[in-house]
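Peer 1: Can you make the complete structure from the sequences, with help from the hints?
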Amino acid sequence: SQTIHQWPATLVQPVGSPLSLECTVEGTSNPNLYWYRQAAGRGLQLLFYSVGIGQISSEVPQNLSASRPQDRQFILSSKKLLLSDSGFYLCAWSGSFASGSTDTQYFGPGTRLTVL
Amino acid sequence: QKEVEQNSGPLSVPEGAIASLNCTYSDRGSQSFFWYRQYSGKSPELIMSIYSNGDKEDGRFTAQLNKASQYVSLLIRDSQPSDSATYLCAARMSGGYNKLIFGAGTRLAVHP
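Chains as they are written, first to last, in this note's numbering: chain U, 113 to 228; chain D, -7 to 104.
Each statement offered as a hint is correct.
Listed below are several chain U residues computed to face chain D (Cβ distance under 7 Å; list not exhaustive): (1) N144; (2) G155; (3) L202; (4) S206; (5) D215; (6) T216; (7) F219.
Quick list of simulated restraints, FRET-style, between CB atoms: (8) D/G1 x U/N142: 33 to 41 Å; (9) U/H117 x D/S32: 16 to 24 Å; (10) U/S170 x D/Q23: 18 to 26 Å; (11) D/G51 x U/T115: 17 to 25 Å; (12) D/K48 x U/V127: 44 to 52 Å; (13) U/T226 x D/L38: 23 to 31 Å.
Please keep in mind that the hints were generated in silico from the structure rather than gathered at the bench. Backbone N, C-alpha and C fix where the C-beta goes; we use that ideal spot for every residue, glycine too.
Peer 2: This is the structure in structure tokens:
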């Protein structure tokens, strides 16, 4: 069965510091991968998605970036955090287009980021 | 701007009652719809997906879809206190890739 991991689980960072959040998926190949952010009391905002290694699409212009160095690894980064970057960051995966099962997205446990 | 709208709640129901959660979407081309449950401080977990008009049942949960009215609902029968959570509705956008648009969620409170 498929499993998705995220770390760290919680993070407190000062404004202006860098950020690196990691997501890995087990039990599937060529997944589509997604980064979402959920602000307190708000819905999910799609930040980035990736259909393959090195292929990243950005949904919202901001000071965040994403990379996919390996098939089942997705990284969210920032060079300088802003207060507004605080939130619950969720990684999700879905089946690849090649597998024909792309619809359903499954979420990892999330990283709660507080920027002070 | 393609949107998914949900009543934020809280929706309060007594234990054993039917909870009815509703969602409307603006993208007429959407074909796939999802309900997720999110406990406080946790990540969303999938409850059901629905693709065709009508009802789809899974245990105590029934999803209903009406594409003509652009309306999706989730019924929870025999509600339990453990069902207390925020329920997120999502619609897959029409277009070339698997982008889901999420509603802000409806908070459900089941009281004993």
